[in-house]
Amino acid sequence: MSRTDLAPRPETVERASEGKAAISGVGQSDVGRRMYRSGYELTVDACLAAIADAGLRPEDIDGMATYPGALGNPPGFSPTGIPDVQEALRLNLNWYNGAMENPGQLGSVITACAAVNAGYARHVLCFRTVTEGSAQGEKGRSSVTMGGGGGSGYRADGFASWLLPYGAASAVNWIAQFAQRHFHQFGTTREQLAQIALTCRANAGRNPKAIYRDPLTVSDYFAARMISTPLCLYDCDVPCDGGTAVVVSAADTAPDLRKPPVRVLAVGSALHGRNSWDQFDDLTTMACRDAGAMLWDRTDLSPRDVDAAEMYDGFSFITMAWMEALHFCGKGEAGPFVEGGHRIALDGELPINTNGGQLSAGRLHGYGFLHEACTQLWGEGGDRQIGVAPAAGDKRPEVAVAAAGGGNLAGCLLLGRS
Amino acid sequence: MTDVSKPRPFRILPRLTQENRFFWTSGADGRLRFLRCQTCRDYVHPPTPICPHCLTKTLAPEPVSGRATVASYTINVQPWIPGFDPPYVIAIVEMEEEPAVRLTTNIVGCAPDDVHIGMPVQVMFEQYDDVWLPLFQPVTAPAGSAAKAGSGVTS
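Quick note, the sequences are listed as chains A and B, same order. Counting along the first sequence from 1, when you hit position 16 you're at 16 in this note's numbering, and nothing is skipped either side. Counting along the second sequence from 1, when you hit position 34 you're at 1034 in this note's numbering, and nothing is skipped either side.
The set of hints was computed from the structure by calculation and includes no laboratory data. Wrong hints could be hidden among the right ones.
[Stated by the list, open to error] Restraint ranges, calculated between C-beta atoms of paired labels, are given here: (1) A:D220 with B:D1114: 25 to 33 Å; (2) B:E1019 with A:D281: 16 to 24 Å; (3) A:G273 with B:C1054: 15 to 23 Å; (4) A:N94 with B:D1129: 48 to 56 Å; (5) B:L1055 with A:P215: 53 to 61 Å; (6) B:A1100 with A:A52: 45 to 53 Å; (7) B:T1058 with A:D305: 46 to 54 Å; (8) B:H1116 with A:D30: 40 to 48 Å; (9) B:G1118 with A:G137: 36 to 44 Å; (10) A:A99 with B:C1054: 54 to 62 Å.
[To be verified] The following residues of chain B were derived to be distant from chain A, with all beta-carbon distances above 10 Å: (11) P1007; (12) T1025; (13) G1030; (14) R1031; (15) R1041; (16) H1053; (17) L1055; (18) A1060; (19) P1061; (20) A1071; (21) E1096; (22) D1114; (23) T1140.
Note that CB positions come from ideal geometry on N, CA and C, so glycine has one too.
Kindly generate the complete structure, drawing on both the sequences and the hints.
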């Protein structure tokens, strides 16, 4: 099983506009399982860290983007919105956008790139904050699922109205069925799926900010309680508290920046299939199929050029789906591709989720992958930095992928070292 | 098999709208219905105000056989909703008349471990207030067993 080459195909969309947009800084607040701190404060901490990382000051920020914007429910899912940050930092914005009907969590960053390319803004501050760990408290995961555990008189609207009546209350139930279909159609096994969780945990052991850092074994994995077959506890990400921010800047501002910005080489935001969790045409993949295909349509690079792949793992199977969607392996081949875990390890041919992913570093909801991809490209990964083993010489990553979203949500960016 | 002593689960119900009311009340006469285009004859689900295929406004609810195939499923083990006790089987079923029309549902009337992809199933309904929830049971189940039990929960 090897990473497949892509046959040349006609460009479906005008490419290369991404070249004008770059990531100039990243930042993150404290991250913890349950910190019981203000999500507003965590957001501001992350934003100021990203602005400082870029070598900028708040008065340089003239645009903002976020996913999904402040929401009262589900609890802790998105405690803070753009107006909060604009108020706290008194930003003068020429452009801003916070929305959840877009290509996943990183759709907000893709939108920021578009704003920079259009000239609406020069430095766009993007953020995502969660306080799901604290919101859940000691009451358990069910207290933060859709519908808040029900209650008399509550009725489900929109897409949830087709799922909640059947007790399909958590995304784990929806993703489990994609995994089950993949198992059925391609012979994928739980032993193979376990490698995603084990790899993330091994990487988390090298990340001081990760939530769970103790080694995880195959025996631990199989001893864990089942949540929704075939997904067990270790296939599910860890609700946590934390804010993550990035600054998207116009590439020609590089002289004003603290360090060479990370170039945005291509983006994937497509959704050609049904915009639905259960009506998508192929139940062995998801919206990531279309976003991944678009990304490769917009660059001359190929999957074999990627040195680090930070791919969403809200549930372990989603990472497998992204692997196939981004053509790191053939359709249906993610199971054999990850078997044994060597290929996807920190020193493997395709290191994945190098900060521990959401499975072990915490559910920072998409933005953690972008933060980590940039961290690796800047060579700032510390104990988890790719390519700095004594024997390796300087093989720090030159190209990385950040991909986020499961189900009908999917957005991805191909990033390159300046 | 279905446990007759088990109470019906607490279910979060869908809010009925102008678009979906026909679907959720269809089971009142024991028939499952989907919107069908009277021009190009395609089935459409979830409901839209216009046929996505031929763009005519000639959609109307039509009864279907209620026979379907399990396209995928999961045995949910984690408690999420107070009063809806696991384990229970959540499945995506494809309708016999048009496999592209799918429903997320529960498979009832058999042990969770007996459910498999490709399993032929048949609709049955559970009424809650003004909603008739379509559930599915194996076509091999003894006729009416789950309906008699009055419970969609498998045990």
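The hints, checked one at a time:
Take D220 of chain A and D1114 of chain B: their Cβ atoms lie about 30 Å apart, and the range 25 to 33 Å holds. The given range of 16 to 24 Å is respected by E1019 of chain B and D281 of chain A, whose C-beta atoms sit roughly 22 Å from each other. A hinted range of 15 to 23 Å holds for the C-beta pair G273 of chain A and C1054 of chain B, which are about 20 Å apart. Separation of N94 of chain A from D1129 of chain B is about 51 Å and conforms to the stated range, judged on CB atoms against 48 to 56 Å.
Checked against the given bound of 53 to 61 Å, the beta carbons of L1055 of chain B and P215 of chain A, roughly 57 Å apart, stay inside it. The beta-carbon spacing between A1100 of chain B and A52 of chain A, approximately 51 Å, falls within the hinted interval of 45 to 53 Å. Remark: the range hint 46 to 54 Å for T1058 of chain B to D305 of chain A is upheld by a beta-carbon distance near 51 Å. For the pair H1116 of chain B and D30 of chain A, the beta carbons lie near 46 Å from each other, so the given range of 40 to 48 Å is met.
For G1118 of chain B and G137 of chain A, the Cβ-Cβ distance of about 42 Å falls inside the hinted range of 36 to 44 Å, so the restraint holds. For the hinted restraint 54 to 62 Å between A99 of chain A and C1054 of chain B, the CB-CB distance of approximately 31 Å leaves it violated. The beta carbon of P1007 of chain B sits about 14 Å from the closest Cβ of chain A, which is more than 10 Å, so the claim that it is off the interface holds. No Cβ of chain A comes within 10 Å of the Cβ of T1025 of chain B; the nearest lies about 14 Å off, and the non-interface call holds.
Once the 10 Å rule is applied to beta carbons, G1030 of chain B is consistent with being away from chain A; the minimum gap is 18 Å. Residue-level check passed: R1031 of chain B sits 19 Å from the nearest beta carbon of chain A, beyond 10 Å. Distance check for R1041 of chain B against chain A: the nearest CB is about 19 Å away, which clears 10 Å, and the non-interface claim stands. Here H1053 of chain B stays apart from chain A, with its beta-carbon at least about 13 Å from theirs, past the 10 Å limit.
Every C-beta of chain A lies more than 10 Å from that of L1055 of chain B, the closest at about 17 Å, which supports listing it as non-interface. Consistency note on A1060 of chain B: stated as away from chain A, and its beta-carbon is indeed over 10 Å from all of that chain's, at 20 Å minimum. Every Cβ of chain A is farther than 10 Å from the Cβ of P1061 of chain B; the closest lies at roughly 16 Å, confirming the non-interface assignment. A Cβ of chain A approaches the Cβ of A1071 of chain B within 10 Å, the least distance being about 6 Å, so the stated non-interface status is violated.
Listed as a non-interface residue, E1096 of chain B keeps its Cβ farther than 10 Å from every Cβ of chain A; the least gap is roughly 17 Å. For D1114 of chain B, the requirement that its beta carbon stay farther than 10 Å from each beta carbon of chain A is met, with the minimum near 13 Å. No Cβ of chain A approaches the Cβ of T1140 of chain B within 10 Å, the least distance being about 20 Å, so the stated non-interface status holds.
Comparing the model with each numbered hint stated earlier shows that hints 10 and 20 do not hold.
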